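This is what each chain is made of:
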Amino acid sequence: MSKVNKGILNILEQNAKATPMDIAHMVGMSEDEVRAAISHAEKERAIVKYKTLINWERAGVEEVLALVEIRVTPQRDVGFDSIAQRIARFPEVRSLSLVSGDFDLSVLLAGSSMKELASFVAQKLAALEEVRGTATHFLLKNYKQDGEIMDGEEPVKRLPISP
Amino acid sequence: MTKKEASPSKKSLLSDRVSKLSPSGIRKFFDLITSMDDVISLGVGEPDFVTPWSVREAAIYSLEKGVTMYSSNYGLIELRQEISNYMNDRFQVKYDPTQQILVTVGVSEGLDLAMRAIVDPGDEVIIPEPTYVSYIPCVTLAGGIPVTVPTNMENSFRVRPEDIETRITPKTKAILMGYPNNPTGSVMTHSDMVRISEIVEQYDLTMVSDEVYERLVYDGEHVCFASLPNMARRTIHLGGFSKSYAMTGWRVGYACSDPEIIEAMMKVHQYTTLCAPIQGQIAAIEAMRSADSAVADMVEEYDRRRHMIVYGLNQIGLDCVDPQGAFYAFPSIKKTGLSSEQFAERLLIEEKVAVVPGSAFGPSGEGHIRCCYAVSTEEIEEALERMGHFVNRAIHGE
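Protein chains in written order, with the numbering used here: chain U, 265 to 427; chain G, 637 to 1034.
Quick caveat, the hints were computed from the structure, so don't treat them as lab data.
Since the structure is predicted, the reported quantities are computational estimates derived from the model, not experimental observations.
Keep in mind that the hints are not guaranteed to be accurate.
Straight line, CA to CA, 30 Å or less: simulated DSSO-like cross-link-like pairs of lysine-lysine [unchecked claim]:
(1) G/LYS730 with G/LYS903
(2) G/LYS701 with U/LYS421
(3) U/LYS281 with U/LYS307
(4) U/LYS408 with U/LYS313
(5) U/LYS421 with G/LYS988
(6) G/LYS971 with G/LYS988
(7) U/LYS408 with U/LYS379
(8) G/LYS988 with U/LYS281
(9) U/LYS421 with U/LYS408
(10) U/LYS408 with G/LYS701
(11) U/LYS405 with U/LYS281
(12) U/LYS379 with U/LYS405
Calculated from the model, a selection of chain U residues having no Cβ within reach of chain G, i.e. all distances over 12 Å [what the hints assert, rightly or not]:
(13) ILE311
(14) TYR314
(15) ILE318
(16) ASN319
(17) PRO338
(18) ASP341
(19) ALA348
(20) ARG353
(21) PRO355
(22) ALA374
(23) ALA382
(24) GLN387
(25) LYS405
(26) MET414
All residues carry an ideal CB built from backbone N, CA and C; glycine is no exception.
Starting from the given sequences, assemble the full structure and let the hints guide the process.
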């Protein structure tokens, strides 16, 4: 993968709505150069997607999240990749990582009810041949996600004029 | 009345020395601003970030443990050791933490101590101008005579060594300068600094070097004056935590110098402030140990804002050189035909944007305004738009 412009990615990671013109003024490049750098990063899949961080609780929509620890049997030649990709394809799976420690895969599930997620774990995840066991933890409150404090923070007022 | 003199019948309550001090030009609009809504202020001189959490947390923990007492007059030895390590790692200057480092109540106190420690009545101190608002008063209060050296936009507000040299007299005791500079954002070149160090040596002077913005350099490299050949013993290096770690309210800074000078500064410090606040010192230790990545993030963000504001100011017709350090842009407003004070006052009233008139930093600041870009990108955008309207009206008349 050829080099991507880290400065531009930092800006977009914080604000996906920043326009190439905004970014150009911030990094001291021309708008065309910024456009080229962005499309390069998109092509390399350094930029995967532009999404919005939503606090569904504030939006008045019920959302249930569960963290599932899964122990699996790795397979010859492919290790964990094959089973991980299989699990990742389920739309209920919001994120999935291979981790070190007592279990192998850490999976975050999202759904509209506890019942829905519970039956997903029982019928889909635990039923997979390679899966040796699961432990499900329902999330009770989301304080921080993707680096953002969900309730926001009170701005602190500075003096309008200071030395 | 042409001359201010105490009337024979009534003695003035104030000392002559203090009566003659003029109030800081920065604070002039303060009352006006606080009475207005929706003001975007580019008039601040501090980061808009809050102190990194790890630093705040360390101070909270120290309160829980009951660490609420005096520290050594010099400051906590752990902090002096951290400062010593930092100066060695970053600039390869060695300071003995037990004799050559003094923890002060911000650089402000360090500056005052330095002047009181080295200046005798009538001694001259050379100061590049535009100058930070407290340099001249600190010299005056110590009984010294400030001798200013104007700098200009054509030379990116760097002081020229030859301009310093022509102002040296038998009375010259020290040079006092701050780079990266407040208010201009200018950064000195290595070769100019070397030339100045030769002048310091040749005329047997002391350099008081306020380097509080040393971490905030975007183009070029910061030159630590004490790191130049033979300069460590001739330099009072003033550093602080306020700007780089967003710790303005904690009031912690430090002075590094020759043991004899530090001892002298410590005497004044001991009798006037005793020690820097202990929570600030504990926070500063944590800052030095763990907040480097937070500083790097802040510098990156300031750099984006710097590009934005310089581009925007030039775009609306206010010529502005690239400030290489600190977080100020110092554009020229000469095209508008207004004085910097008129400009600042009318801009505030008509467009609700606060900036500081360049004249607050001395006569050579006239024709410029100081715009602090330690504000959010949204605010910079909005401020530039409002300023654009104002400049347009001012140039094309209304």
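Hint by hint, here is what the structure shows:
Restraint check for G/LYS730 and G/LYS903: the C-alpha separation of about 23 Å stays at or below 30 Å, so the hint holds. Of the pairs offered as hints, the one joining G/LYS701 and U/LYS421 holds, with about 29 Å between alpha carbons and a cut-off of 30 Å not exceeded. With a C-alpha separation of about 19 Å, the suggested pair U/LYS281 and U/LYS307 falls inside the 30 Å cut-off, and the hint holds. Using a Cα cut-off of 30 Å, the hinted pair U/LYS408 and U/LYS313 holds, with the two alpha carbons roughly 21 Å apart.
For the hint pairing U/LYS421 with G/LYS988, the CA-to-CA distance comes to about 17 Å; that is within 30 Å, so the pair holds. Simply put, G/LYS971 and G/LYS988 have alpha-carbon atoms about 21 Å apart, close enough for the 30 Å limit, and the pair holds. Annotation: proposed proximity of U/LYS408 to U/LYS379 holds, straight-line Cα distance about 25 Å (limit 30 Å). Between G/LYS988 and U/LYS281 the alpha-carbon distance is near 27 Å, which keeps this suggested pair within the 30 Å criterion.
Proximity of U/LYS421 to U/LYS408 is assessed by CA-CA distance (about 23 Å); at most 30 Å being required, the pair is judged to hold. In summary, the hint linking U/LYS408 to G/LYS701 is supported, as the alpha carbons are separated by about 28 Å, within the 30 Å threshold. A distance of roughly 28 Å separates the Cα atoms of U/LYS405 and U/LYS281; the hinted pair therefore holds under the 30 Å criterion. Taking the CA atoms of U/LYS379 and U/LYS405, the gap is about 18 Å. The hint holds against a cut of 30 Å.
Under the 12 Å C-beta cut-off, the non-interface status given to U/ILE311 relative to chain G holds; the minimum distance is some 18 Å. Every CB of chain G is more than 12 Å from the CB of U/TYR314 (nearest about 18 Å), matching its label as outside the interface. Against chain G, the non-interface label of U/ILE318 holds: every CB pair exceeds 12 Å, the least being about 21 Å. Non-interface status of U/ASN319 relative to chain G is upheld: no Cβ of that chain comes within 12 Å, the nearest being about 21 Å off.
The Cβ of U/PRO338 sits about 35 Å from the closest Cβ of chain G, beyond the 12 Å cut-off, so the non-interface label holds. Every Cβ of chain G is farther than 12 Å from the Cβ of U/ASP341; the closest lies at roughly 39 Å, confirming the non-interface assignment. The beta carbon of U/ALA348 sits about 31 Å from the closest Cβ of chain G, which is more than 12 Å, so the claim that it is off the interface holds. With a closest Cβ-Cβ approach of about 36 Å to chain G, U/ARG353 is found to remain outside the 12 Å limit, as its non-interface label requires.
Distance check for U/PRO355 against chain G: the nearest CB is about 35 Å away, which clears 12 Å, and the non-interface claim stands. In this structure U/ALA374 is separated from chain G by more than 12 Å, as the shortest Cβ-Cβ distance comes to about 28 Å. Residue placement check: U/ALA382 keeps its beta carbon more than 12 Å from all beta carbons of chain G (closest about 36 Å). No beta-carbon of chain G comes within 12 Å of the beta-carbon of U/GLN387; the shortest separation is about 43 Å.
For U/LYS405, the condition that its CB be more than 12 Å from all CB atoms of chain G holds, with the nearest at approximately 20 Å. No beta-carbon of chain G comes within 12 Å of the beta-carbon of U/MET414; the shortest separation is about 16 Å.
Violation of the numbered hints given earlier is absent; every hint is satisfied by the structure.
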